[in-house]
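Colleague: Chain residues, written in single-letter form:
There are 4 protein chains.
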Amino acid sequence: MTSSIGNRVKIQLFGQSHSKGLGVVIDGLPAGEKIDMDKVEAFLKLRAGGKNPWSTKRTEPDVPTILSGLLDDKTCGAPLSVVFENTNIHEADYENIRFVPRPSHADYTAFVKYNGNNDISGGGHFSGRLTLPLCFAGAVCLQVLERKGIIINAHILSIGTVNDDPCDCVSGDCDTLPGCGIQAGSGGDLGHDVSQNIYDEFPTINKEAGERMIKAIEDAADSGDSLGGVIECCITGIPPGLGEPIFDNMESRLAYSLFAIPAVKGLEFGAGFKSSEMRGSEYNDSFYMDDGDVRTKTNNSGGILGGISNGMPIVFRTAFKPTPSISIPQQSVDLLSGDDETLEIKGRHDPCIVPRAVPCVVSAAAIVILDMITGE
Amino acid sequence: MTSSIGNRVKIQLFGQSHSKGLGVVIDGLPAGEKIDMDKVEAFLKLRAGGKNPWSTKRTEPDVPTILSGLLDDKTCGAPLSVVFENTNIHEADYENIRFVPRPSHADYTAFVKYNGNNDISGGGHFSGRLTLPLCFAGAVCLQVLERKGIIINAHILSIGTVNDDPCDCVSGDCDTLPGCGIQAGSGGDLGHDVSQNIYDEFPTINKEAGERMIKAIEDAADSGDSLGGVIECCITGIPPGLGEPIFDNMESRLAYSLFAIPAVKGLEFGAGFKSSEMRGSEYNDSFYMDDGDVRTKTNNSGGILGGISNGMPIVFRTAFKPTPSISIPQQSVDLLSGDDETLEIKGRHDPCIVPRAVPCVVSAAAIVILDMITGE
Amino acid sequence: MTSSIGNRVKIQLFGQSHSKGLGVVIDGLPAGEKIDMDKVEAFLKLRAGGKNPWSTKRTEPDVPTILSGLLDDKTCGAPLSVVFENTNIHEADYENIRFVPRPSHADYTAFVKYNGNNDISGGGHFSGRLTLPLCFAGAVCLQVLERKGIIINAHILSIGTVNDDPCDCVSGDCDTLPGCGIQAGSGGDLGHDVSQNIYDEFPTINKEAGERMIKAIEDAADSGDSLGGVIECCITGIPPGLGEPIFDNMESRLAYSLFAIPAVKGLEFGAGFKSSEMRGSEYNDSFYMDDGDVRTKTNNSGGILGGISNGMPIVFRTAFKPTPSISIPQQSVDLLSGDDETLEIKGRHDPCIVPRAVPCVVSAAAIVILDMITGE
Amino acid sequence: MTSSIGNRVKIQLFGQSHSKGLGVVIDGLPAGEKIDMDKVEAFLKLRAGGKNPWSTKRTEPDVPTILSGLLDDKTCGAPLSVVFENTNIHEADYENIRFVPRPSHADYTAFVKYNGNNDISGGGHFSGRLTLPLCFAGAVCLQVLERKGIIINAHILSIGTVNDDPCDCVSGDCDTLPGCGIQAGSGGDLGHDVSQNIYDEFPTINKEAGERMIKAIEDAADSGDSLGGVIECCITGIPPGLGEPIFDNMESRLAYSLFAIPAVKGLEFGAGFKSSEMRGSEYNDSFYMDDGDVRTKTNNSGGILGGISNGMPIVFRTAFKPTPSISIPQQSVDLLSGDDETLEIKGRHDPCIVPRAVPCVVSAAAIVILDMITGE
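Quick mapping for you: the protein sequence lines, in order, are chains A, B, C and D.
Following our numbering, the numbering of the first sequence begins with 26 at its first residue and continues without gaps.
Following our numbering, the numbering of the second sequence begins with 26 at its first residue and continues without gaps.
Following our numbering, the numbering of the third sequence begins with 26 at its first residue and continues without gaps.
Following our numbering, the numbering of the fourth sequence begins with 26 at its first residue and continues without gaps.
Note that these hints are calculated values from the structure, not bench results.
One or more of the hints may lead you astray.
Treat identical chains as interchangeable: a pair holds within one or across any two.
[Claimed, not checked] Using 20 Å as the maximum straight-line C-alpha spacing, the simulated DMTMM-like pairs for lysine to aspartate or glutamate come out as follows:
1. K99 - E120
2. K322 - D359
3. K45 - D118
4. K45 - D61
5. K45 - D97
6. K299 - D250
7. K299 - D190
8. K240 - E226
9. K322 - D364
10. K45 - D87
11. K82 - D118
12. K322 - D365
13. K173 - E401
14. K322 - D250
15. K240 - E302
16. K45 - E110
17. K322 - E366
18. K99 - E58
19. K240 - D190
20. K322 - E369
Quick caveat, the model's predicted, so the values are computed rather than measured.
Excised from the complex, chain A in its bound form (with noise of 0.2 Å):
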């Protein structure tokens, strides 16, 4: 009840930031699923860091070494297994805050936690590096996903004040299904295959409000501080009726698997807090037949009503705090001495973590989806 998730397809994360290596089982995925391991190996990459301006200077080759699970390629029943090696640490950089936590990281949390025995070399097991191995699961969940038709699309709606178009499955505007709505720089254009855009490095609808976004990064980067962001999320192709009523409803279950992904702060589904400003006459999702099929005007519901899915796209949106760490000298106290201390922050971070959070937020939906749909 730690480190894992799921009920018939379970995830088991381990591994710290700079551990030997770390990995994750995944047990309970369907037999017979061929696994296309460049697909895996293209969406690590979305996460992966050191190329480009909001992402940390730390770079890993990141290649998954598959231990068990798959046999020609295929899933063969036993858990999948993977391993990553860290190669590339800097254990000197943690030396000043072994007693001196970080503010607003897990330092002091998991020293109280653990009595003083937690990893503290690069957050240790609250490294944002653990999303390598979910990205991992998940990129495999989205492939077992796909061959049922489900399509799990996200894209970076805002960078502090700077805001990309929203997604069009909400106001119920999006005429594209199947297949969703969020195109990255495509402004809504579907002459594209749309399952690639998760695949974009830094997927916005609005090109434009990209570049805007790229800059503000580098700008608070340029001060040694650090930007937050919004990432907006959209699910297609999951048949109405499943989720269960009360506490294992999807809201709930989709909730407990995105607030695992470090720096999630907020969460909301379809018009989300903005539905508190509503009054029902305007926030009520009518029915209406469409050649047969149930379907509503607007998507107010983000696809789910009494935590089941109604058949429209599930919408959702995950509000990132800016990375804690940023060089600008920052008050904490030695939990020795118990003074206070001026602490300045060395090693290598990321000024943004929302681009590479983009995969991270789809694994942890894919994780769950794939859960709750197997052995419906």
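Please build the complex by placing chains B, C and D on the supplied structure of chain A, with the hints as guidance.
Modeller: For chains B, C and D alone, coordinates are given in the frame of chain A:
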């Protein structure tokens, strides 16, 4: 994995809006805990309808019948089970919606999931009435938590576009620890017993804002419409170190429980969505020593770092959509004939469920916190 | 994780021997299943006491009150909940054991676990009376399984040292598939409906052996003593391929459920303990083709290979210790004074619980099999 | 819910007999526990093959590579993960069984469950080789338990029809508490460190019986046949009060884990199946005071009453079927052609796996007990 939650203290809900009875089994409570049933019933009154302008006309005595688990008012280690009778039932009100689902209700999705075998009357198992046993469980857990010094408070932050003052716990200016800065109608004054404010019927920090909220609800009701709102909740007294890394973190656990409350469409911790617009230097909560305790100057993290409590108040906000039941005619479909239909909803409903949802939010949090702290 | 079981179909028991009521919540049953309540009550009669020489003098009407989950006698997707009232209570019988634990009962361990807060009356939550809601759950699951062609049968293999004929399902000579070779009082004759024998009050294959068993129980009762025995159970109609590797295998799942029946101290599958004395060449179940189906010539494996069903009957045996409550005076201790004590047990008890345990064994198996097969 | 177990200390196994690697993730270990890797490797040697007449010719170095979870040899709170490479692989040995399942192996059931996608080589995920990571987990848990005063011991009670002396812990004559009466080759003598006997290669209480057992195994091997046996296990140092009522009781928890060991077909606690032949007056364990401690004169209950530990040694026996792999030709079927086939098993196998299963039984028990005691 459906209507149950919890690992150590397990909650299993049962019942439908119009079934013979509904209730809850609470398994795993520590033995020897005195349960004050008067206090439980006082808490349940907060979610009872029929008494004021903003709630349904359905009135139920809501008297809990304890079947097992208590001996001389103390928990005896056996599962605590309780039943409430349903008495005030107007089944006829639901005849016209048997095959014509109400927009933004669970009627359609339940119909699909259960192949038409679901109990439509009063919303069946998806009814808000199921929050009655949830609140019973919450009331019990609150008493156990209180003995450990943990207090859960909440206030109505907004109804529609009318806002209450925010809780000081986020800004860090809250000088009320231990206890809580959320004081119904007190403007932050600490002159009275803080643990009582969750027993207010319409808890706001700013009394005058509360009056404007009630006025807004009455206006919506007059036009056959409904309103949503936001509830802010604050938990004090949780020691640092509670929670788990990655999936079983405190935010994921609370989110899983809170999204089980009908009509919740958004959730944020600490600065939440606003975090996404802040710079790291502005967002990060600096540490300082306070008489031997590690504290933070601000509380943008909402008391949770890396999924683990840091000793500061846990603060979160849940967004509620407007009540889907409105008197205004709406567009729907006939699931049998496949025709579009105009639906007029009869039955009794709340123009705004937010006031009655306050104890639900408190309860959903209480059951998770007690589960997490049991066996630590 | 205490008095509940199941992943997809979850069973939560509650109640004490002398609490106001006891019952069960069954969450996750497929919707639309007709439940024949007469058949349920007939099944419950098998574990009812008071009617024959081998059972307790305590008589209870055991009338189930369905609170929720059924609509027009069909499951509606919501948790099925049922309550039984406790009426025939002699609390005074238990005054002398409050601090003097009965040997081989749970009195002492419950006292320690719950710091003396446990309900001692009638054994509290540890009472055999809790098998009433277990059997209710079993009766419901049996009806759903039967519609899938799965039949669970059981007979009394031994009482003390008196043995029934073993079921032919192990030797492989059972020519009764589909259906089962366990035929109460039929000597293996297949002339009557096999699904009825679990509704016999004292089911043995060899009628005359059954009579000798009853005589042995009466002899033990006359001397204030008690007897144990072995129940053999056989499940037919399970398709090959059900179960999971390693931990969630069918033997582990069944064992987990069966050891929850009070007084079970041993369990074996197929040839069981006798396997340990056999050579591989003697034990191994050879495969052969039977009209297109893969079958085995013997069934020493009890229908399970690698934890997964192989299409042959599932066969297992559970050993019951003698009823711990006997009239003969016994040595115990006073938990308060620390003195040794001689204890004379009052109250009403069964000289042998094995006959009434037959529906319990069937039920414990039924809830596991339905859970495993749901969502496959 | 497949190859994982545990609520607080979770064990996730992965790997196949001939995959690149196999291993285990242990999540939830208390932080700060020193793990002596030499002791772990000494324990793993007990299940290693290739060194003696009774084990397979397959030899593997079985060197554990720790990927994460340890910092300076101490647990750091993060999941402990370990990988073993598979090196000594003869895939060709398994060509002839791809579609001709070996009797009493999992070949057929895995084929059905995974639609023929399962890894047949060496038994795949169903191989006894998966007990290597199980024993690793067990070895780690044993060290943590030992620090709490909990010792798990086991001896070979029988091989085929050759019997060792039973452990005195059942008769109650065991005068060795704390510690344990199971003393390899010691006849009960307490002159040496009791915690060492699980490190014996062929642990019996009666040395001469052990020699006859080895002779019996050699005889079976000479005729291309195999033998089973029974392992008796004894756990001392568990305080009274550990366990839960009904489903999560200690017998159910241990049973769930023990039946996960390949070839286990029976399990009994205390007097076990023999209980069924005893009278209550003979079976019941009388209480007495022993220097302030509550003890029982006999231990027919095997240390468990009502599913909860009573402070006496936990005693249980597991029955192992003979190794299914034998050289003698056997009858099987061709799953593709549907023809009956005579199968000759190549590959390397143990004439009797019981000696190598001793650490497996100890491990299966250790992981359950540590899980149960963590967070109490």
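Colleague: None of the hints should be skipped; say for each whether it holds.
Modeller: Hint check:
{"no.": "1", "hint": "K99 - E120", "verdict": "between (44 Å within a copy, 19 Å between copies)"}
{"no.": "2", "hint": "K322 - D359", "verdict": "between (57 Å within a copy, 16 Å between copies)"}
{"no.": "3", "hint": "K45 - D118", "verdict": "within (17 Å within a copy, 35 Å between copies)"}
{"no.": "4", "hint": "K45 - D61", "verdict": "between (26 Å within a copy, 18 Å between copies)"}
{"no.": "5", "hint": "K45 - D97", "verdict": "between (28 Å within a copy, 13 Å between copies)"}
{"no.": "6", "hint": "K299 - D250", "verdict": "between (30 Å within a copy, 17 Å between copies)"}
{"no.": "7", "hint": "K299 - D190", "verdict": "both (16 Å within a copy, 18 Å between copies)"}
{"no.": "8", "hint": "K240 - E226", "verdict": "within (15 Å within a copy, 49 Å between copies)"}
{"no.": "9", "hint": "K322 - D364", "verdict": "between (60 Å within a copy, 15 Å between copies)"}
{"no.": "10", "hint": "K45 - D87", "verdict": "both (13 Å within a copy, 18 Å between copies)"}
{"no.": "11", "hint": "K82 - D118", "verdict": "within (13 Å within a copy, 49 Å between copies)"}
{"no.": "12", "hint": "K322 - D365", "verdict": "between (57 Å within a copy, 12 Å between copies)"}
{"no.": "13", "hint": "K173 - E401", "verdict": "both (13 Å within a copy, 17 Å between copies)"}
{"no.": "14", "hint": "K322 - D250", "verdict": "between (43 Å within a copy, 19 Å between copies)"}
{"no.": "15", "hint": "K240 - E302", "verdict": "between (33 Å within a copy, 15 Å between copies)"}
{"no.": "16", "hint": "K45 - E110", "verdict": "both (6 Å within a copy, 15 Å between copies)"}
{"no.": "17", "hint": "K322 - E366", "verdict": "between (57 Å within a copy, 14 Å between copies)"}
{"no.": "18", "hint": "K99 - E58", "verdict": "within (5 Å within a copy, 37 Å between copies)"}
{"no.": "19", "hint": "K240 - D190", "verdict": "within (17 Å within a copy, 36 Å between copies)"}
{"no.": "20", "hint": "K322 - E369", "verdict": "between (53 Å within a copy, 18 Å between copies)"}
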